[in-house]
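K.L.:
The listed protein sequences correspond, in order, to chains A and B.
Under this note's numbering, the first residue of the first sequence is numbered 236, with each subsequent residue one higher.
Under this note's numbering, the first residue of the second sequence is numbered 232, with each subsequent residue one higher.
Just so you know, the hints here were simulated from the structure itself, not pulled from any lab data.
There's no promise every hint is true.
[Claimed, not checked] Some but not every residue of chain A turned toward chain B, in silico, with C-beta under 7 Å:
#1 Glu277
#2 Leu285
#3 Met290
[Said to hold, decoys possible] Here are the computed distance ranges between Cβ atoms for each label pair:
#4 A/Gln414 - B/Arg320: 53 to 61 Å
#5 A/Ala357 - B/Arg319: 42 to 50 Å
#6 B/Arg289 - A/Arg355: 36 to 44 Å
[Claimed, not checked] From chain B, some residues computed to sit far from chain A (all C-beta separations above 12 Å):
#7 Glu237
#8 Ala242
#9 Gln244
#10 Val253
#11 Trp258
#12 Asp273
#13 Lys286
#14 Met291
#15 Phe300
#16 Ser302
#17 Ile307
#18 Asn310
#19 Arg320
#20 Gly321
Quick reminder that beta carbons are idealized off the backbone N, C-alpha and C, glycines included.
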Amino acid sequence: MDCTEVREDRMDLLYGEAGPEAERRVLAHHAACASCRDEFEELRAVRQALGAWRMPQQAPSSRTRRVHPLAGLAAAAGLLLALGGAVRLSGAAFEYRAGNATLRVGGADLDGRLAEQEARHAREMQALHVALDAHARRDAPAEGPLLAKVEALIRENEERQARRFNTSLEDLAARAEAQRRYDLARVSAGLSYLDGKTGQHVARTSELMGYVLQASEKK
Amino acid sequence: MLPTDEELVAAVQGGDSAAFDVLVRRWDRKIQGAAFRVLGSDDEARDVSQEAFLKAFRGMRGFKREARFSSWLYQIAMNLCRDRLRRRRGREHVSLDDVVDSGEPALRQRPAALETLQARDVERAVAAAVDALSDEQREVVVLKEYEGLTFPEIANVLGVPLSTVKTRLYRALGQLRIELARRGVDG
Chain A
236 MDCTEVREDR
246 MDLLYGEAGP
256 EAERRVLAHH
266 AACASCRDEF
276 EELRAVRQAL
286 GAWRMPQQAP
296 SSRTRRVHPL
306 AGLAAAAGLL
316 LALGGAVRLS
326 GAAFEYRAGN
336 ATLRVGGADL
346 DGRLAEQEAR
356 HAREMQALHV
366 ALDAHARRDA
376 PAEGPLLAKV
386 EALIRENEER
396 QARRFNTSLE
406 DLAARAEAQR
416 RYDLARVSAG
426 LSYLDGKTGQ
436 HVARTSELMG
446 YVLQASEKK
Chain B
232 MLPTDEELVA
242 AVQGGDSAAF
252 DVLVRRWDRK
262 IQGAAFRVLG
272 SDDEARDVSQ
282 EAFLKAFRGM
292 RGFKREARFS
302 SWLYQIAMNL
312 CRDRLRRRRG
322 REHVSLDDVV
332 DSGEPALRQR
342 PAALETLQAR
352 DVERAVAAAV
362 DALSDEQREV
372 VVLKEYEGLT
382 FPEIANVLGV
392 PLSTVKTRLY
402 RALGQLRIEL
412 ARRGVDG
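Extracted from the complex, chain A is given alone in its bound form:
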């Protein structure tokens, strides 16, 4: 079997996708073709080398930074401390009785503090909206001159095209008129020529008729 005929089977075998029949064909070919057998081993070696290229767990990026595990632990510890402080400040209590853990949230002024927090959030949202509106207004005038410039460019382009179109039309009309005059001149010359020929013919006919009349009178 030709080397190229078993190429696809060899690729299947190289990647473990060959069926028994394809594998048998390749092995039979390799038994007879040392070149293909060597190449197969080289391709295997290439595959092995390719395995050296590993994806980093977290590829370096200009946008994200890797967080060191210790920094993560520190952050977690800080979060726990902050949470504990918040629980204490809120008047909540963590209790463990008879194997049951309960978190009691309470405090006389809890509702008041919640309302205060909600109001603060509302204020922050409002401030954000105001900032966004201001940003939008600031951007709007900047687009005005640009739009005007674009419109002017479009207008100028349309005018230029219209002028070009009109010029082309005038040129075409002038050329048509010149052609018409030339044709008329040619027709006129042709008619004159015909007139001349007809006149000569009439004169000759008259002359012949005169001869005929003279001859008949003599008789």
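Chain A is already provided as a structure; the job is to place chain B on it using the hints.
P.N.:
Frame of chain A; chain B shown alone:
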């Protein structure tokens, strides 16, 4: 038991967009890895992955479930990679599929001084050798060697006949053998 991709796709198509998050978590790293190896840029690979998932989400309604979600996703990602490579180079690259095998004496070109390379150097050499392949060959190598797709899956992802995939890979391996030998890696 974890839901299969097909079950998650069905859930997304049924209106459960949270199921798409599971698909993203499951495939994001793989797609990013494939894009990184094709493009050679981590930032671009992240962008490609994000764009691929966005496109997939938008196209989820029209996705037919007889196809594999992962193959479809790879297909989207590879197309995005091609677009980026085209924009980057400003021209279509010439396919090496039509180039006749050179049959070069590659191993004889190996510089003796580079025989003993450290593992990190080998890794760099492999990355450079893969990068030196044509776009089409690199796609096949990445999908086969690093993503572990089967030949029919790659054919499906790239939209080319099975035989083309195998031919491209065969030539790519030959090319890699030359490149690796040039860089002092015994391929």
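K.L.:
Compare the structure with each hint and give your call.
P.N.:
Against the structure, the hints come out as follows:
no., hint, result
1, Glu277, "holds, 6 Å"
2, Leu285, "holds, 5 Å"
3, Met290, "holds, 5 Å"
4, A/Gln414 - B/Arg320: 53 to 61 Å, "holds, 54 Å"
5, A/Ala357 - B/Arg319: 42 to 50 Å, "holds, 48 Å"
6, B/Arg289 - A/Arg355: 36 to 44 Å, "holds, 38 Å"
7, Glu237, "holds, 23 Å"
8, Ala242, "holds, 29 Å"
9, Gln244, "holds, 31 Å"
10, Val253, "holds, 21 Å"
11, Trp258, "holds, 14 Å"
12, Asp273, "violated, 4 Å"
13, Lys286, "holds, 21 Å"
14, Met291, "holds, 27 Å"
15, Phe300, "holds, 21 Å"
16, Ser302, "holds, 16 Å"
17, Ile307, "holds, 20 Å"
18, Asn310, "holds, 21 Å"
19, Arg320, "holds, 22 Å"
20, Gly321, "holds, 23 Å"
The structure fails to meet hint 12 from the earlier list, while all remaining hints are met.
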